[in-house]
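Protein chains in written order, with my numbering: chain A, 795 to 1094; chain R, -11 to 708.
One thing to keep in mind: the hints can contain errors.
What the hints assert, rightly or not - What follows is a list of derived Cβ distance ranges for each label pair:
1. Asn1007(A) - Arg272(R): 38 to 46 Å
2. Leu362(R) - Asn885(A): 51 to 59 Å
3. Asp949(A) - Leu346(R): 36 to 44 Å
4. Leu185(R) - Thr920(A): 49 to 57 Å
5. Ser980(A) - Leu185(R): 39 to 47 Å
6. Gly352(R) - Lys846(A): 23 to 31 Å
As the list claims (entries may be wrong) - If you want the footprint, here are the derived chain R segments under chain A, 3+ residues with CB under 8 Å:
7. 5 to 15
8. 93 to 104
9. 268 to 281
10. 342 to 356
Stated by the list, open to error - EDC-like, lysine to aspartate or glutamate: derived pairs with alpha carbons at most 16 Å apart:
11. Lys3(R) - Glu861(A)
12. Lys1014(A) - Glu1053(A)
13. Lys3(R) - Glu857(A)
14. Lys342(R) - Asp806(A)
Don't read these hints as lab results, they were simulated from the structure.
Quick caveat, the model's predicted, so the values are computed rather than measured.
Note that CB positions come from ideal geometry on N, CA and C, so glycine has one too.
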Amino acid sequence: MIIAENLTKKFDTFTALDSISCTIGDGCIYGMVGSNGAGKSTFLRLITGVYKADGGSVTLDGEDVWENPSVKRRIAYVPDELFFLPGASMNTMAELYRHSFNFFDRDRFLRLATDFGLNVKKSISTFSKGMKRQAATILALSTCPDYIFFDETFDGLDPIMRNYVKSIICQDVLDRGATAVITSHSLRELEDTCDQLALLHKGGLVLQSDIQNLKTAQFKIQIAFGEDYGREKFESLSGMKIIHFTKHGSVTNMIVKGERDYVCAALNELSPLILDVLPLTLEEVFTYEMEALGYSFDLN
Amino acid sequence: MTSETKVNTANKKKKEFFSLGLYVEAVKRIRLPGIILSVILALEALLVPLGFEIDYLMTKRMYGGEAFGSNYTPQVMSGSELHILLFLVAVVGAPVFAWSLFSFLNKRSASDYYHSLPHTRLSLYVSNIAALVSWIFGITVVTSGLSRFTAALFPKVISVEAGTYFPYMAGCFALSLLIAACIVIGKSITGTVFSNLVVTSLIMVFPRFVMAMVTSAVTSKLPIIPADHVSFFLSPKLNILTGMITQLEDVYYVESCLFDGVSQIYTLVLALAYFALGAFLFCRRKSESAQRSAPSKRMQAVYRTVLAFAVSVPFCYIIFGLDNDPISKVFLVGALVILSALTYFIYEILTTKKWKNLLRAIPGFFIVLLLDVLLFGTMYGITALEGSFRPDASEIKYVQLAGNTYGYAGMGMDFRTYVESETSKLKITDEEAIKTVAKCLDETFEYYETYGGIDDWYSYSHNGAYSDKAEYASIYTFRIVTKSGITKYRNIRFYSEDMATVRESLGEMSGYSEAWTTLPTPHRGTLTMDSGAFEISNDQAEEIFEVFKSELEEVDLDKWVEFNMSYGPAFAYFYYQTADIYLSVPVSAELFPETADMILKYAKINADEIFKEIESALENYENSHLQYAELLVYENGNYVYCGTDTSFFDEDRTEFVLSCRDSGKFELGDDFMRVEIEFFDTSDGEEPEKGDMVYLSCIIKVSEESKEILSQYYKGVFED
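Just chain A, same shape as in the assembly:
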């Protein structure tokens, strides 16, 4: 279990993470989204022990990560900006991993490399950007980690490889109870993989929730009336919160937070000409959340 309590990181006067607290349970795939500079990478570097927190704490199974090799051996971390030893092949890197990670699985490494179609003897510097990311992913997953931390890793993989990696992660979670934290700009990448999602904004944790809950707690309503009406017609209704409201002629589109059946029943009592309830994509949920915070989220 990962527990972050009031986790704070500053770079000179800039606060990259500001008192973040969260709990990520074992066997959970935790997605983290946020705009550029939101603090996603900094969070990952803190929970991998690359950075030392300026305030608060982060523990993995109750142990500090900072300067703790025993915990770090259980972590596989693929950063957004990759690094390989100069001139190294995947085999060379695997040797380093074998020496560093007690549970490095050479067979898994070779199997994954074959599946990805990578030549383990070839210098990584000759690989394309996507291949380098694949190589880093293979190396990381070959350590049979308890914790998998991927920083925008999916963004550099083609759809087939992306799905393949996702399936491996899911398999590790199912088979070994591994925990994964995956950051991305793109919600689409996380939507079908993660159990939980968190939204980071300007160093703060704006939102974290179970993905199913997120999807059902908000929805889109399309409604029309014969008579002239405005937003105030709905605000008086209890059990629903309007997140977003647009009206074109007699038709209104609303993003609403509330209990779906209860809201539908309440709106039906107003005798609308049309009433459609549509589910929101995660991307829409986050876009509207961000809008509410005064930030326009990039819809990829």
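Chain A is fixed; fit chain R onto it per the hints.
Frame of chain A; chain R shown alone:
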């Protein structure tokens, strides 16, 4: 394996300070420069002795086979001469290794990567340092061993000063570690190439640079203090690196730094201390410091302040040295402020690339000026403190005549300097001698206060007035130890009568005569003899040396001391390697008659042998292709050049040359000349080839009758 098992297994290795995996990876990472350097040094180790052997074989082939070989004197070479490129390990290898291994600290992704590995920072640091030290040690030991081994394969051409190998290796090793440690510290506290270079340079030279400036300022202001004795820790040669940098043009000084045991220990200890400091700084370093000139604003302020202060130090030194020149002082203070300010702000803008930082940095510049003021204060303070040391004779416990301080393994040293070094250990407690030293110290101060220096060559009478007839004074360095425990070294002017008093006291001490009459034991096979025109083989030199030693025990001490002190003309010299030095001992024919007789005896035996060969060759000259016969004339063992007599064979003249020979016993005062011939030996009946070349040379004693004729040819020769 379950997660719980993993936790339990992993927790066992929580306190980690070294990782074999990281070590192996680091060793591999620098293998390319390591292998290149190893190959270069190995080639040198193989080719230098081989080159000497090839040269020997070619010369032997050209000048006459076995006869030549038996007369060939091997080249005496020290470890540094045979394996000079070992120096590259320190000046190229160590910087490249350290730079490569810690280059990840300059790149954010690389820094993050290494810090994400499951190792402690200390483990990462120690493993990298271990790899670096392994390469340095491996290259040093293996290539030195190879060099020593290869040289041993050719004993006819190379005589190795065995005792110089280890000190040279130790010096290079200590220097390599220090350079590497400085770079590691520099890299640990900076994050860009430019700041790496600037800060590393500061770490390498700045502390010693300031010390050297303070020392130099004090000793130039107060020449009574010997430059290398201001304080043990202020001695520039103590730190091999800075000792070398400050005296780069002086090869002997560089060697003295490299070979000096105290310097080696100091440098090694300093390197280890720097490595420890590096470990501390590396462990505290934040990964995000990569690609930033300094880990924090405070450290950035420290760097620019130290750099600007370093620029201002020479100005402080010059200003301090100026006596009464207010205009120059004002000008120099202005230059100091402007140049240090420029350095201060240019460094800031180059490293941070933000103009607004210049404004923020302004208050910090006053710290630079404050440091300058402190430096002036230190210089004045030390000068005043040292200048106040004028003890009364009653306060002095003992004095020592300080000897040569530049001795190091392999260093050439004459016997006088050797004895001075030995007698410097003697503590003079004689009241008269101490009174004399105290008096001369006072007089030196008076002289200095009157003339502003303590030159020994200008002839000033005791009352200070210049006089051609006034006695010359000599400057001696004394170590003065007071009863209160203060120890100071002082350059003191002595007139001969005062020095005689001190020497008298010294002479009464048992260690004094012992030092003059006991020779250190030569290393086996290193003893050679140079007796001018005479040729003495090394085996003969060994025999003569034994006779010399027994004569030395009975020698007239005063005359022997005088002979050495005045560097009187020596009849011959012994040269040999001791445990520490390469010693030359002069032989006086007057003081060592038996030794001189033995030299003459062997010289005659050797010369007669060769002369027979020359005669035989000349008798059969028709069968030979004589190239030239040369006549060189020596008077009383001293060479007088008369030039080549015959460029081509001249039968009459040759007969004359041979007729000049007196076959009698060689004696002191005889006149000698050298006969040299070079010819192709074609006794095999075939056309001359390169390998048939024969060179023969010997001295002959000149008969009385011939001298007159010779003196007509060579005006002035053999004339009384």
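Hint by hint, here is what the structure shows:
1. Checked against the given bound of 38 to 46 Å, the beta carbons of Asn1007(A) and Arg272(R), roughly 43 Å apart, stay inside it.
2. For Leu362(R) paired with Asn885(A), a C-beta distance near 58 Å keeps the hint of 51 to 59 Å intact.
3. With their beta carbons about 40 Å apart, Asp949(A) and Leu346(R) fall inside the hinted range of 36 to 44 Å.
4. Distance hint check: the CB atoms of Leu185(R) and Thr920(A) are about 31 Å apart, inconsistent with the given range 49 to 57 Å.
5. Here the CB-CB span from Ser980(A) to Leu185(R) is close to 42 Å, well matched to the stated 39 to 47 Å.
6. Our hint of 23 to 31 Å for Gly352(R) and Lys846(A) holds, since their Cβ atoms are close to 27 Å apart.
7. Coverage of the stretch 5 to 15 of chain R by chain A holds in this model, with 6 residues showing a Cβ closer than 8 Å to a Cβ of that chain against a need of three.
8. Here the stretch 93 to 104 of chain R counts 8 residues with a CB under 8 Å from a CB of chain A, which clears the bar of 3, and the coverage holds.
9. Remark: the stretch 268 to 281 of chain R is confirmed as covered by chain A, as 3 of its residues place a Cβ nearer than 8 Å to a Cβ of that chain, reaching the required three.
10. With 0 residues carrying a beta carbon less than 8 Å from a beta carbon of chain A, the stretch 342 to 356 of chain R misses the three-residue requirement, and the given coverage is violated.
11. At most 16 Å may separate the alpha-carbon atoms for a hinted pair to count; Lys3(R) and Glu861(A) meet this at roughly 9 Å.
12. This hinted pair checks out: Lys1014(A) and Glu1053(A) have alpha carbons roughly 12 Å apart, not beyond 16 Å.
13. Taken as a hint, the Lys3(R) and Glu857(A) pair is honoured in the structure, with Cα atoms around 14 Å apart against an allowance of 16 Å.
14. For a cut-off of 16 Å, the pair hint linking Lys342(R) to Asp806(A) stands: about 15 Å separates their Cα positions.
The structure fails to meet hints 4, 10 from the earlier list, while all remaining hints are met.
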